[in-house]
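Q: Below are the chains, spelled out letter by letter.
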Amino acid sequence: MNNKRNDLITGIVLALFALWYFYEALSIRVFAGMGKAVVNSTTMPKIWAVCLLLLAGALILRSLRTPAPKGAKSGSFSLGAWVKANYEVFLTFAALFIYAALMEPLGFIISSILYIFAQTLILMDKEHRSYVKALAIAVVCSVASYAVFVYWLAVLLPVGAIFE
Amino acid sequence: MLADVIPGLMSVLTPTVLFFIVFGVFVGIIFGSIPGLTATMAIVMFLPVTYTMSPIEGVSTLVALYVGGISGGLIAAILLNIPGTPSSIATTFDGAPMARKGQAGKALGVGVVFSFCGTIVGLLVLVLVSPLLAMFAIKFGPYEYCTLALFALSLVISLTGRDLVKGLISGLLGVMLATVGLAPVDSAKRFTFGIVDLNAGFSLLTLLIGLFAITEVIKAAEDVRKPVKAELETNVHIKGFGFSFAEFWSQKLNMIRSSAIGIVIGILPGIGGAISGMLAYTAAKNQSKHPEKFGTGIMDGVVASETANNAGIGGAMIPLLTLGIPGDAATAMLLGGLMVHQIAPGPLIFDKSGVEVFGIFFALAISAVAMLVIELFGIKIFIRVLKVPKYLLLPVIMVLCVIGAIGNANRMFDVWSVMVFGVMGYLLIKAKIPHVPMILGFILGPIFELNFRRAVQHAQIDPTGVFSHPIAICFFAVTIIVVILSLRRQRKEAALLQASEES
Chain A
1 MNNKRNDLIT GIVLALFALW YFYEALSIRV FAGMGKAVVN STTMPKIWAV
51 CLLLLAGALI LRSLRTPAPK GAKSGSFSLG AWVKANYEVF LTFAALFIYA
101 ALMEPLGFII SSILYIFAQT LILMDKEHRS YVKALAIAVV CSVASYAVFV
151 YWLAVLLPVG AIFE
Chain B
1 MLADVIPGLM SVLTPTVLFF IVFGVFVGII FGSIPGLTAT MAIVMFLPVT
51 YTMSPIEGVS TLVALYVGGI SGGLIAAILL NIPGTPSSIA TTFDGAPMAR
101 KGQAGKALGV GVVFSFCGTI VGLLVLVLVS PLLAMFAIKF GPYEYCTLAL
151 FALSLVISLT GRDLVKGLIS GLLGVMLATV GLAPVDSAKR FTFGIVDLNA
201 GFSLLTLLIG LFAITEVIKA AEDVRKPVKA ELETNVHIKG FGFSFAEFWS
251 QKLNMIRSSA IGIVIGILPG IGGAISGMLA YTAAKNQSKH PEKFGTGIMD
301 GVVASETANN AGIGGAMIPL LTLGIPGDAA TAMLLGGLMV HQIAPGPLIF
351 DKSGVEVFGI FFALAISAVA MLVIELFGIK IFIRVLKVPK YLLLPVIMVL
401 CVIGAIGNAN RMFDVWSVMV FGVMGYLLIK AKIPHVPMIL GFILGPIFEL
451 NFRRAVQHAQ IDPTGVFSHP IAICFFAVTI IVVILSLRRQ RKEAALLQAS
501 EES
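As you go down the protein sequences, you meet chains A and B in turn. When the letters of the first sequence are read in order and numbered with my numbering, they come out as residues 1 to 164. When the letters of the second sequence are read in order and numbered with my numbering, they come out as residues 1 to 503.
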């Protein structure tokens with residue numbers, strides 16, 4: 001994606017966010033006891049929203065003014081192509097979110113084993129891919145960190161709903 | 001205040017604290033030396049380890065990680081020609097050519113010794129300046145804090161990155177994220193959407209993990225199919241320090257100049273070690289009698305970069321301790337660490353936590369010594385660590401970061417926040433919006449708003465009161481100057497860029 005289109009999309013997204021943020025700021029319930037205070041809890045959010053809107057506008061304007069780089073492809077963006085080119089990135093995000101989702105039901109140890117195993121395989125290049133190595137690291141590190149943090153450092157980690 | 005010096009020293013001189021310092025420096029150097037792992041990540045990862053420690057144990061460990069993390073970058077810079085942390089970018093300019101000439105041992109020795117010197121000079125300035133600044137800052141009221149926050153924000157935004165608009169956007173997004181939760185002054189619920197967990201707002205820790213740890217895993221994922229071209233120089237022999245006393249003495253001016261640059265850049269928020277190393281390198285080159293030799297592998301370049309980035313540690317801790325304003329992501333993390341251990345940074349820190357503050361000073365000094373010894377004698381270990389592939393390290397680090405997020409407040413909500421901030425961090429990278437202003441905005445926004453509201457309340461009662469606050473007026477004037485100057489610089493750069501594109 002070239003800079004021009006990148007900035008344009010960023011600007012539009014930020015402008016929409018700023019508008020939504022401003023709209024939400026209107027519905028903040030102000031503490032009545034504040035009396036005649038000029039500045040209340042909605043003032044700063046509104047100011048921030050306006051500032052962001054202006055900056056987003058500047059970004060949009062700037063991207064419209066810059067001439068498209070010579071020889072740049074103006075082909076349309078397709079999600080499928082992006083996922084294909086970056087499937088490791090996509091898989092990593094998927095692994096992270098699944099990890100967070102499994103943490104409470106399965107507990108820290110099992111979810112961490114699954115996550116480390118999956119993430120290691122995602123990051124290993126084809127030549128070095130070894131399931132045994134990934135699994136060994138996953139098990140050892142998950143169990144060891146649980147033991148260290150829960151028994152030694154007294155940090156509470158999810159045990160897992162299925163074990164309760 | 002001086003009565004706290006001896007108890008401070010004694011609090012550090014216990015076997016446990018000394019062990020944690022050595023351990024912290026060692027781990028810090030590992031994080032610093034591996035490209036992609038930074039001092040910030042080391043502190044994030046080990047923050048939960050310190051939760052159950054005593055304040056002095058915990059904070060000493062974090063400080064040790066910071067010192068080790070900043071210094072460790074030189075190992076990869078010299079042996080791999082890749083900066084281990086952004087702060088050692090300028091070390092690669094002469095460090096790597098030295099290694100190619102067969103002087104890897106000397107380059108490492110020079111880097112380590114001058115890192116040590118930089119840390120100590122920075123520490124001395126910290127010890128001398130912070131009590132004075134605290135005494136000065138104790139007079140600060142809402143007007144002063146409000147304008148100080150504004151000044152710090154303007155500096156951050158104008159000095160990080162080239163793109164003023166995107167820097168501002170990043171800072172604003174940070175400020176806006178910080179508005180989630182209960183408002184200052186009257187505790188009105190803002191942007192909580194009825195979700196109880198949002199009442200407390202987002203924690204700084206989750207934002208840092210999302211922006212700096214997850215994005216690192218994602219970057220590694222992006223590079224899986226890209227071939228890596230990095231040759232590790234393993235032929236390293238260090239005798240003594242690797243260089244003679246005469247050579248050391250010949251660098252004294254360079255060292256003083258670079259320390260000064262490092263300290264000043266460290267004090268100013270938002271600039272950080274990367275720039276200070278570069279600036280010191282450029283200054284050393286410009287003032288050298290033989291500027292043409294820079295880049296070919298002379299020790300002057302390594303000295304400048306490594307002295308400056310380590311001197312920045314002491315510099316960055318001055319506003320952190322006395323004003324509660326961190327200079328970069330690593331010190332932002334240290335701020336989190338101080339809060340966990342109930343040491344409130346601010347002008348009263350010497351009165352309320354005097355022993356701990358002096359403990360921190362001594363911990364810094366001991367960390368510097370530990371760094372010198374560990375790096376000189378343990379270099380073989382770090383060379384081995386550099387050979388450990390990232391795909392084995394990053395998943396485990398990620399899990400430890402998640403533990404940090406859970407342990408912060410014992411809630412799963414923080415884990416989800418980390419994941420969402422990770423996605424946001426990735427999108428920001430794609431949009432070329434820098435991360436650091438966001439962190440500073442997140443910290444400074446609430447300080448600004450709280451004091452702005454208080455100041456307005458004061459002004460409602462006494463509209464002319466603002467004129468009896470010369471410090472505040474000063475901060476405000478400087479803020480305006482900074483903004484105007486950076487706008488002009490931006491224009492110039494944009495014009496230059498356009499000219500170069502047209503030609």
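Calculated from the structure, these hints are not laboratory results. Hints may be right or wrong, so weigh each one.
Just so you have them, the derived chain B footprint on chain A, three or more residues with Cβ under 8 Å [said to hold, decoys possible]: (1) 14 to 26; (2) 51 to 64; (3) 137 to 149.
Predicted model only: the values in this text are computed from it and were never measured. Here a beta-carbon is modelled for each residue, glycine too, at the ideal position from N, C-alpha and C.
Q: Each hint: holds or not?
A: Here is what the structure says about each hint:
1. 14 to 26: Holds: 4 residues of the region 14 to 26 of chain A have a Cβ under 8 Å from chain B.
2. 51 to 64: Three-residue rule met by the region 51 to 64 of chain A, so holds; n is 7.
3. 137 to 149: holds (count 6)
The structure is consistent with each of the numbered hints, conforming to all of them.
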